[in-house]
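Fit chain B with the ligands to the given chain X structure using the hints.
Given next are the chains, with one letter for each unit.
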Amino acid sequence: MANKIKVATTSLAGCFGCHMSFLDIDERLVTLVEHVQFDRSPLTDIEHCSSDCDIGLIEGGVCNSENVHTLREFRKQCKILVAVGACAINGGLPAMRNFIPLEECLAEAYLHGIGVENAHVPNDEELPLLLDKVRPIHEVVKIDYFLPGCPPSADVFWKFLTDLLAGSQPKLDYELVHFD
Amino acid sequence: MTKTLTIDGKTIPFQDGQTIIEAATAAGVYIPHLCHHPEFTPHGSCKLCSVKVNGRVCSACTFPAAEGQDVINNSQELNDDRQKITQMLFVEGNHFCPSCEKTGNCQLQAVAYHLNMLDDHFPLFFHNRNVDASHSDVLIDHNRCIFCTLCVRASIEQDGKNVFAIAGRGINKHLAVNSATGLLKDSDLDKNDKAAHICPTGAILIKRTGYQVPIGQRLYDHQEIDAVSLAHETEQRHGE
Ligand code: SF4
Ligand code: SF4
Ligand code: FES
Numbered sequence: 001m002a003n004k005i006k007v008a009t010t011s012l013a014g015c016f017g018c019h020m021s022f023l024d025i026d027e028r029l030v031t032l033v034e035h036v037q038f039d040r041s042p043l044t045d046i047e048h049c050s051s052d053c054d055i056g057l058i059e060g061g062v063c064n065s066e067n068v069h070t071l072r073e074f075r076k077q078c079k080i081l082v083a084v085g086a087c088a089i090n091g092g093l094p095a096m097r098n099f100i101p102l103e104e105c106l107a108e109a110y111l112h113g114i115g116v117e118n119a120h121v122p123n124d125e126e127l128p129l130l131l132d133k134v135r136p137i138h139e140v141v142k143i144d145y146f147l148p149g150c151p152p153s154a155d156v157f158w159k160f161l162t163d164l165l166a167g168s169q170p171k172l173d174y175e176l177v178h179f180d
Numbered sequence: 001m002t003k004t005l006t007i008d009g010k011t012i013p014f015q016d017g018q019t020i021i022e023a024a025t026a027a028g029v030y031i032p033h034l035c036h037h038p039e040f041t042p043h044g045s046c047k048l049c050s051v052k053v054n055g056r057v058c059s060a061c062t063f064p065a066a067e068g069q070d071v072i073n074n075s076q077e078l079n080d081d082r083q084k085i086t087q088m089l090f091v092e093g094n095h096f097c098p099s100c101e102k103t104g105n106c107q108l109q110a111v112a113y114h115l116n117m118l119d120d121h122f123p124l125f126f127h128n129r130n131v132d133a134s135h136s137d138v139l140i141d142h143n144r145c146i147f148c149t150l151c152v153r154a155s156i157e158q159d160g161k162n163v164f165a166i167a168g169r170g171i172n173k174h175l176a177v178n179s180a181t182g183l184l185k186d187s188d189l190d191k192n193d194k195a196a197h198i199c200p201t202g203a204i205l206i207k208r209t210g211y212q213v214p215i216g217q218r219l220y221d222h223q224e225i226d227a228v229s230l231a232h233e234t235e236q237r238h239g240e
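The listed protein sequences derive, respectively, from chains X and B.
Per UniProt numbering, the very first residue in the first sequence carries number 1; after that it's consecutive.
Per UniProt numbering, the very first residue in the second sequence carries number 1; after that it's consecutive.
In isolation and in its complexed conformation, chain X is listed as follows (with noise of 0.2 Å):
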């Protein structure tokens, strides 16, 4: 137990398909927990990262000030950062909000949209403030890999992190690849 890899995981401004992308490596969740500890993570409920984790995997870019604060930790406590999907890496379908003002997207979808009931603009305290623009996550803190993909499949997953337990460089061959 004490040798075993500390992953931790989170879904920013993502939708967690590529948690449930992962998940998808099925049976070899059993062979991989051989080796793995899951840390911080959803999958945990634990809320935050351990100093000593080894692995974040981080799903979604930045859309408010919490994804920053969680970034910030992640980057911290763990020694290896990965962006996972396409929101980690370019902003994704999030991003498509940034051609639109912020205030516009808050009224849309707030004080004007179709079915809209006691039109106003949550402005609860506990709410994190919404950054003017959804940014990729490498714009925030270092990543050192990156797996590409709506979701990555969970080949991607699974060869990534056996090739890291094997102690060689990741490398993701031509059919793993994809952008969507």
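Among the clues, some could well be false.
Stated by the list, open to error - Think about it this way: if two alpha-carbon atoms lie no more than 20 Å apart in a straight line, the pair counts; the simulated SDA-like pairs of lysine to any residue are: (1) X:K159 - B:L118; (2) X:K4 - X:L106; (3) X:K142 - B:F125; (4) X:K171 - B:D80; (5) X:K133 - B:H121.
Hints were generated in silico from the structure; no laboratory data involved.
The following block gives chain B with the ligands in isolation, referenced to the frame of chain X:
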């Protein structure tokens, strides 16, 4: 006596008047390219075809082949440069592949795959560009234009029209449509024009044809662009 040059140490014959990329293609050697197309006058703008000729970096699509040239093509250094160039093309436009009809059949994407490009490296511009959906059969999504001018050249050289041009500079550079309103519907473009089918990216699309080929059967799903490109371009040459 046939004249020859070498590419990565391999001896390749050429004819006078051929560019390096033409000689390479004829000999079955792939040099990455986006703005080059065997049927049209070279433009030399994307720089993806950069090779070292006798130690100097040149564009293979414009540089004339000459006796005894020592050409380096498939080196780590050049492929690293090509990857950076491709990353610049991605961050300059807005390429959301999962929502693009061209995905799987796109040359820009396929070149990126070929170069094992896994990220964009640079900060993204997120510069807002328009979509022109005015034409009944053809759509322009300017977000995906890489200014290769293939549509410009195809319209002039093959269609005998003059529908497209590149206008503006820097961040304001854009594909302009030659019509009174600037809209595609008021131009001479017909959906059967070569210019409507030549775009290497998803910037010019024929309407109502998207997503017809399932994932797994698309052009670049299992075949890399080097093989696809050599097969197509050698065929085009023989068909001339
Ligand atoms: S044009 Fe090509 S690279 Fe750009 S979004 Fe479409 S598939 Fe992706
Ligand atoms: S629309 Fe397509 S063919 Fe025309 S310049 Fe842009 S990328 Fe090239
Ligand atoms: S292919 Fe030569 S510069 Fe574009």
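Hints, verified against the model:
no.	hint	verdict
1	X:K159 - B:L118	15 Å, holds
2	X:K4 - X:L106	45 Å, violated
3	X:K142 - B:F125	19 Å, holds
4	X:K171 - B:D80	16 Å, holds
5	X:K133 - B:H121	18 Å, holds
Consistency with the previously given hints fails for number 2 only.
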